[in-house]
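Once you have looked at the hints, place chain B on chain A.
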Amino acid sequence: MSGFWQRRRIPLAWLLLTRQPARLAVALAGIAFAGILMFMQLGFRDGLFDASVTVHKLFDADLVLMSPRTMSSIGMAGFPRRRLVQVMADADVVGTTPVHWNLLLWRNPETRHTRSILSIGFEPGDPLFTDPSLREKAHVLNQLGRVLFDERSRPEFGPIGTWFRQGRTVETEVAGKRVRVAGLVALGPSFGADGNMLTSSETLLRLMPNTPPGSIELGLIRLRNGSDPLVVAERLRQKLPDDVAIYTKQGFEEFEKNYWRSSTAIGFIFTLGAAMGFIVGCVIVYQILYSDVSDHLPEYATLMAMGYPLINLLGVVAREGLLLAVLGYVPAWFAGQGLYALVRNGTKLPVYMNTDRSVLVFVLILAMCMGSAAMAMRKLGDADPAEIF
Amino acid sequence: MPSNLLAPTPRSAAGEPCVQLQGLNHWYGSGSNRRQVIQGVDLSINPGEVVLLTGPSGCGKTTLLTLVGALRQVMAGSVRVFGLELNGSTRGERQQLRRSIGMIFQGHNLLRCLSAEQNVQMGADLLPDLGYRARRDLARQWLRAVGLEDHLGKLPHDLSGGQKQRVAIARALAAQPRLLLADEPTAALDSRTGREVVDLLKGLARNQDCAVLMVTHDPRILDIADRVVRMEDGQLMDSGHGERLWGADRLPDTGREAAEG
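Residue numbers (this note's numbering), protein chains in the order written: chain A, 1 to 389; chain B, 1 to 261.
Looking at chain A on its own, in the form it has when it is part of the complex (with noise of 0.2 Å):
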């Protein structure tokens, strides 16, 4: 303790930005802003992932079979449904569901404009998601027309879920014929899709009359607890013909955010967003710092005079830069975190606060400060002891 008395000098670099409260302000209004955006922007990126995704996670399956010539979720393929009968001759296959995934025009009843959405298809006896709720309403989708409505789909699809739960009968057009709404889940939508629905394969192939027999574009896989997926994997694909490409479960989902990530801009614009949130910043930051050094020089050249060194006065600036890297974080966090309910609110995607993002954007906050300050040090071998005279 007495080391610590001994050793406490002047908290020089606080009271330099907190003895300036509207240059304070300023300055911390815009790491704030850039961290704001670095937070949307890592975020949105994120959510945009993770988002593509949301039905995925919830496929009841250890492996699942895909057309090779499927890029993503928002343009699959259809491949030969007998490839699930084969796969069913491995010993450790203990289950297998077909998967009809298309994306239909479904048309608000409400306002009878019509919009985009997932529409999922598969025998109602078949198991397909893990969560037993959604296992349990499966049953109604026995009858030919009925569908069940994804509740979190964007609003632009109609008040589905409010008309439901008044006990209204929701009836409206999928793909030019007409269904009924028999039940509601709750999925999310993504960024390929704003809404989901599920159906029997029946209705699926009813509303499009079009597609070849015998062919879908998912096939779930369950394997006998115990087995390896990966070995299972590279088993089948031995055995079965390049028609079909197998993927794990996790496989699947990457699969998903590699289209998203690798195969368009959406990765690399967020990224960029990101970057120029970084680059604002340093800019802000330089420039707060090297007035404030500018604006002290007569100061540090007059300590320089007394006897303390140039590095005991590059460490002021260097406090700075930390003390405003801290104090900027904090307000961009609570900031991100409104930010982020808003644009969960808005659009349905999972967009939360979580601690790798929050450690990454201090890590780029505190980065963005300390470069910034290095960069304003170079002031200070302007500061002259012999001019102060």
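For the record, the hints were derived by calculation from the structure and aren't laboratory data. Check each hint, because a few of them may be wrong.
Straight-line distance between alpha carbons at most 20 Å, and here's what the computed SDA-like set of lysine to any residue pairs gives [to be verified]:
1. K154(B) with Q20(A)
2. K57(A) with V170(A)
3. K57(A) with R135(A)
4. K154(B) with M88(A)
5. K154(B) with A13(A)
6. K379(A) with I266(A)
7. K57(A) with C282(A)
8. K249(A) with M88(A)
9. K154(B) with T18(A)
10. K57(A) with L144(A)
11. K202(B) with V51(B)
12. K257(A) with A13(A)
13. K57(A) with L184(A)
14. K249(A) with R135(A)
15. K154(B) with P21(A)
Taking CB as the label site, the calculated pair distances span [stated by the list, open to error]:
16. L360(A) with L84(B): 50 to 58 Å
17. R23(A) with D150(B): 56 to 64 Å
18. D42(B) with L322(A): 47 to 55 Å
19. A25(A) with G153(B): 21 to 29 Å
20. D42(B) with R378(A): 36 to 44 Å
Source: prediction; values computed, not measured. Glycine residues also receive a C-beta, built at the ideal position from the N, C-alpha and C atoms.
Below, chain B without anything else, positioned relative to chain A:
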């Protein structure tokens, strides 16, 4: 004034001057733009001696002060301060030496973001062996010594010009210097405060063996000088006591009174 501030300290090695200038030359610019500002200056200042440096504007007084204060690189000649030869010295050596030298500037150069007490404590913070509270107490004592005990928490912009100058003086003295360089320290002070300040400096010199080299045009303070050195065109013209050097007829009224008093 608190007595402990000016308590006598052991004298340095007897007869050893703390400042020794020999054949000092300094110039600005180069080639046809070269302007000689110091020419062959020889000067010694002993511990505890108060030397006033006078002369017309532009004669090189301030440059001489900055050279002795290790604020400039010596170009030609010898400057020895506390035994350290500054000609050829490193930046680190000069910075370390400056910790032993108190400087009082014509412009007070206080840190605007610091209170009077904190400004003075910046001087005391250079003392390596004192704890935080001791340094703060020292700052308060020096502010009391210059009559500003009621202004500890005031920022420079809340102080008058004279008060700022007194804070600057307290800051220089708080570092417990062995050599004090002052550039017109009483210019912004009224006669009573100016007198108190120079008495303080004289007391410091007498009791702590602190040498004082002061640039001044203020004839009211000639009486504190052990020696007055007159400079013209970069050269030391003559030196002696104030009355002899300036002469009664060359002193303004206030200066004459001071010289006679």
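Quick rundown of the hints versus the structure:
1. K154(B) with Q20(A): Between K154(B) and Q20(A) the Cα gap is close to 15 Å, so the pair holds against 20 Å.
2. K57(A) with V170(A): violated (28 Å)
3. K57(A) with R135(A): holds (15 Å)
4. K154(B) with M88(A): Answer violated: K154(B) to M88(A) is near 86 Å, above 20 Å.
5. K154(B) with A13(A): With a Cα-Cα distance of about 19 Å, the restraint between K154(B) and A13(A) holds, given a limit of 20 Å.
6. K379(A) with I266(A): Not satisfied, since the Cα-Cα distance of roughly 40 Å exceeds 20 Å.
7. K57(A) with C282(A): The hint is violated at about 39 Å.
8. K249(A) with M88(A): holds (18 Å)
9. K154(B) with T18(A): holds (15 Å)
10. K57(A) with L144(A): Status violated; Cα separation ~27 Å.
11. K202(B) with V51(B): Distance ~10 Å between K202(B) and V51(B) Cα, so the pair holds.
12. K257(A) with A13(A): violated (45 Å)
13. K57(A) with L184(A): holds (19 Å)
14. K249(A) with R135(A): With Cα atoms ~19 Å apart, K249(A) and R135(A) stay inside 20 Å; holds.
15. K154(B) with P21(A): Holds, at roughly 17 Å.
16. L360(A) with L84(B): 50 to 58 Å: holds (52 Å)
17. R23(A) with D150(B): 56 to 64 Å: violated (30 Å)
18. D42(B) with L322(A): 47 to 55 Å: For D42(B) and L322(A) the Cβ distance comes to about 50 Å; the hint holds.
19. A25(A) with G153(B): 21 to 29 Å: holds (23 Å)
20. D42(B) with R378(A): 36 to 44 Å: Once the Cβ atoms are compared, 40 Å apart, the range 36 to 44 Å for R378(A) and D42(B) holds.
Against the hints set out earlier in the document, violations occur for numbers 2, 4, 6, 7, 10, 12 and 17.
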